[in-house]
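Model the placement of chain B on the given structure of chain A, informed by the hints.
Sequence lines, in order, name chains A and B.
Just so you know, we're using the working numbering here: the first sequence kicks off at 1 and counts up by one.
Just so you know, we're using the working numbering here: the second sequence kicks off at 1 and counts up by one.
Hint data in this document are derived by calculation from the structure and do not stem from the laboratory.
Each residue gets a CB set at the ideal place from its N, CA and C atoms; glycine is no exception.
Among the hints, a few may not be true.
Unchecked claim - Facing chain B, from chain A, some residues (calculated, C-beta under 8 Å):
| hint | residue |
| --- | --- |
| 1 | Val126 |
| 2 | Tyr241 |
| 3 | Val242 |
| 4 | Ile245 |
| 5 | Val249 |
Residues per chain are reported as follows:
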Amino acid sequence: MATENAAHGESLVFHPLDQFKITRLFGEGPIEWYTPTNATLWMALAIITITVIFVLGSKGRALIPTRMQSVGELAYGFIYKMVEDVVGHDGAKYFPMIMTLFIFILTANFLGLIPGSFTPTSHIAVTAVMGFGFFIFVTILGFAKNGMAFLGLFWMKDAPLVLRPIIAVIEVISYFVRPVSHSIRLAGNIMAGHAVIKVFAAFAPLVLISSGIGLVVTPVSILAITAIYALEVLVSAIQAYVFTILACVYLRDALHPSH
Amino acid sequence: MDLAVLADMGKFIGAGLAAIGSGAAAIGVGNVAGNFLAGALRNPSAAGSQTATLFIGLAFAEALGIFSFLVALLLMFAV
Chain A
1 MATENAAHGE SLVFHPLDQF KITRLFGEGP IEWYTPTNAT LWMALAIITI
51 TVIFVLGSKG RALIPTRMQS VGELAYGFIY KMVEDVVGHD GAKYFPMIMT
101 LFIFILTANF LGLIPGSFTP TSHIAVTAVM GFGFFIFVTI LGFAKNGMAF
151 LGLFWMKDAP LVLRPIIAVI EVISYFVRPV SHSIRLAGNI MAGHAVIKVF
201 AAFAPLVLIS SGIGLVVTPV SILAITAIYA LEVLVSAIQA YVFTILACVY
251 LRDALHPSH
Chain B
1 MDLAVLADMG KFIGAGLAAI GSGAAAIGVG NVAGNFLAGA LRNPSAAGSQ
51 TATLFIGLAF AEALGIFSFL VALLLMFAV
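With the rest of the complex left out, here is chain A:
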């Protein structure tokens, strides 16, 4: 990092990307694929949180829902309506998968907003597993449901015949870019937001170094951290929503390839 030599004493320290470092939970040594790391811990915490909210929430099954039950019911109803609107009625079969994706991403994003925590969804390795896994599933499903008619997704029937091969090439390319953009969008958004907060946080202690300009910069940067944190709460929810709605759109293409 370019600013590492500025780490001593009388200057600001910028390490906006250090928060994404994967570390071992126990002991020392190299990180293997089976090593429990901070990413494992926070993914496990996300799953525990989801389990607690949904199991405890649905325990009472009250006619007038308690607060926790309302959270579960609202999330369920919201995603169910989205699947029905975007995919259609035959999409209800795939609702549990979409719901799992949404709740996991949302919870991981929100837990990552706790100061000092780690956000698993800020790593492309995590989102790529979800993005590419969904892409492979959808492609296999498309061929299994429609056979070779699935290739009609790339062959526009309403375009002029001369243009169809060109459009087919573009459609094939855009089809294979889907999982890349699907996963990088989520990871990039979360990573960028957290890095911006850290950059402003690095400006905040300026008043300790120079009391002249610091009196202006420090309050401004603390205000900026607050504002961007609020924005990040919004972005966390919106990106979880965008990830799931795009998953729904891809699922619809697999089930009904003829546009």
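Just chain B now, kept in the frame of chain A:
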């Protein structure tokens, strides 16, 4: 000039150039949201059913900005 310094310079200039893409994505996102608002104010009853489309459009416009951010990050820390 030292070659390593020159390579570093190129990295930083390239990362800065890649950051222009974020501005372009900002124009795109503004376009999507602005046009949605213009349409929604003309026909508010149809706006509610189109929010999903709005978010899909926003996501597509924004993804390209994220790509340029990623290129900048790769240039700074990975190359």
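Give me the numbers of the hints this structure contradicts, sorted from smallest to largest.
1
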